[in-house]
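Enquirer: Each chain, letter by letter, is given below.
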Amino acid sequence: MIKVQFFSLLRMLLKQERIELSAIEGETVAQLLARLQKQLPTPFLHKLLDDDGRMHAGTIILVNRHNIHHLQGLQTPLNDNDVVAMFPPGAGG
Amino acid sequence: MNKGWKGQLLRVDLTAGTCKIEALNEEWAKAYVGGRGLASKYLCEEISPDVDPMSPKNKLIMATGPLTGTYGAANGRYMVVTKSPLTGTIASSNSGGYFPSELKYAGFDMIIFEGKSKHPVYLQIRDGKAELVGAVHLWGKSTNETEDAILSEFHGDAKIACIGSAGEIGVHYACIVNDKHRAAGRSGVGMVMGSKNLKAVAVRGTGGVQVANPKAYRDAALEAYGMLKENPVTGQGLGALGTPVLVNVMNQSGGLPTRNAQTGTFEGAEEISGETLASTYLKRNKSCMGCIISCGRVTKIVDNKYAGDGEGPEYETLWAIGAACGISDLAAITKANYICNEAGMDTITFGATIGCAMELFEKGLVSEKEIGMSLNFGDSDAMVKLAEMTAKGEGFGKKIGLGSYRLAESYGAPELSMSVKKLEFPAYDARAVQGMGLEYATSNRGACHVRGYLISPEILGLPEKLDPQETEGKAGWLKIFQDFTAVVDSSGVCLFTTFGIGVPQFTKFCNAATGTDMSEEDLLVAGDRIYNRERMFNLKAGIDPSQDKLPKRMLEEPLPDGPHQGQVSKLPKMLPDYYKVRGWGKDGIPTEAKLQSLGLS
Ligand code: SF4
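So the sequences go chain by chain: A and B. So the first sequence is numbered by the numbering used here: it starts at 1 and just counts up by one. So the second sequence is numbered by the numbering used here: it starts at 94 and just counts up by one.
Excised from the complex, chain A in its bound form (with noise of 0.2 Å):
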């Protein structure tokens, strides 16, 4: 299983904290992006992505609290039982 877990405004516009998925072998961030799209009747990826599917400055995405920016970005492979976390652009301080 994959865990996924929705942060922030994310959480709000989706109502929901987190949902689970089987995991496919071989599938990616960007893959599994697209697949809980087609399975959320809310559309929420243009929180996290631009048009041409790139992330926005300022979207995090964790696979197992790692940035996937320092790992393959989008095209980062996923395995069985990793927990992904989603962010859209947010800041504090």
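Everything hinted at is true.
If the Cβ cut is set under 8 Å, some of the chain B residues that face chain A in the computed set are:
#1 Gln329
#2 Gly330
#3 Gly335
#4 Leu339
#5 Val342
#6 Ser346
#7 Leu555
#8 Glu557
Straight-line alpha carbon distances no greater than 20 Å define the calculated EDC-like cross-link-like pairs of lysine to aspartate or glutamate that follow:
#9 Lys3/A <-> Glu360/B
#10 Lys15/A <-> Glu363/B
#11 Lys47/A <-> Glu323/B
#12 Lys558/B <-> Asp52/A
#13 Lys393/B <-> Asp474/B
#14 Lys322/B <-> Asp50/A
#15 Lys558/B <-> Asp50/A
#16 Lys3/A <-> Glu363/B
#17 Lys47/A <-> Glu557/B
Rather than coming from a laboratory, the hints here were simulated on the basis of the structure. Glycine is no exception: its CB is placed at the ideal position from the N, C-alpha and C atoms.
With chain A fixed as given, assemble chain B with the ligand onto it according to the hints.
Expert: Leaving out everything else, chain B with the ligand in the frame of chain A:
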């Protein structure tokens, strides 16, 4: 002047009980922008850096910037600058709300308080006229009560900045609260105000702020407004979730210092997160003067032993009173936040000091008898009780009121204070975010996040994502962030606008308001000048470069958990780069050539 700056300052001699109007030094205003920079210049010219912060010889300056009180972004900020009783460094604390703009509308860019009054007084300002009046009837009142009492004397028409009990009784991290819920929070500026027997400043102003070039100003304002509205952070995120959105971000990223920074993740983070606050005690958001971001949190707790209402907690408070103490009871944190606001205490240092006390207790260095209760991590009742005791100066609360460094040192364990230059670091672990550790070590007021917020690129990916474990290039990034922040603080604009607008927009704003013709580079040079001016004050005050360090825990105890498990701060690698990038000698002291280039020698 009447171009951004009003062109006059108010000098209040508390010993003599007099108020005098003086022309603002225009040459200095141009070189130091205003606010933080200009007040630092005045402070350096007028006091000896080795002055005892609590002596009448120390001065307290409240300073607006040329953009304070104008429209366009979030232009309603001021700075309080003095020598800090907590750190011994220059202190400059920023606040928003409505008080800063009102000061401009009353005709003043800044107020310089000097000396010490024999009796409690407060300053009344009405459109260019000022007088000191008795405040014996206000002494001992909370910040809320003080504001209400003064407001009734002004028939409801004034903006007020005041201290609570913390500033009166010498809590080392007392702050100055304005508009009830906004605070010049860190470094103990409220303790200096209290030492002068100055309870409050109440101001009513009906004038405006003229700008030198109204057309260029309007264009700059429209551009900034559009960019802030468009930006997902300033246009939506900060308004909806406020700063507390960072609790989950930092916890998931493994950089939320927990239980006095013994770990970098907190199992109770979700319970104290911005998302949870928004679905429980948050009533609405709120803005400071002219701000379209509206990050303020208006909250209320009912049906709970911690019932109350007010504003906050903000992210740093949720961390300090929450994760740093192992506390996940959001109602207790919110209640302690209210107590701190009403007493006028910096929530960051308060929470970090409680976290430090909890570790001292668990290590057996301080006894239950001495504290008057047990004090384990996670004990929210004890924490709230100590907030009340600290606000009143009772029992062990007196020791909590000294801040974590003095507390830990008194038990022979100063290394358990998570501070630099005696200022507690805020809600980011220096082992998980390397550049932020460099910021803590080199910030001119001690470990602080709002001098060079490298969390923005290192964690949030704004304006671009940097690897938080990388050390290469961090010194250069930090210098730019620190210099730009010095300009923002000096201009009178909220730092949060910088998530949406940058140096080009600030250059346009400043030029249009003041009639100057600065390039973007000139503006950053002004920031560099301000930074070096503050550094020179600290050096002369005896805070030498050996103080550019981090707590031993950050340097020697690897993070035990999270994605940065095993990491320590690589400060020794970054610090020489930083000195070099700043144009300082290897010893961390600005070179004569550097000072000359900035007009500081
Ligand atoms: S962004 Fe928040 S703190 Fe800054 S001026 Fe606006 S409301 Fe005040």
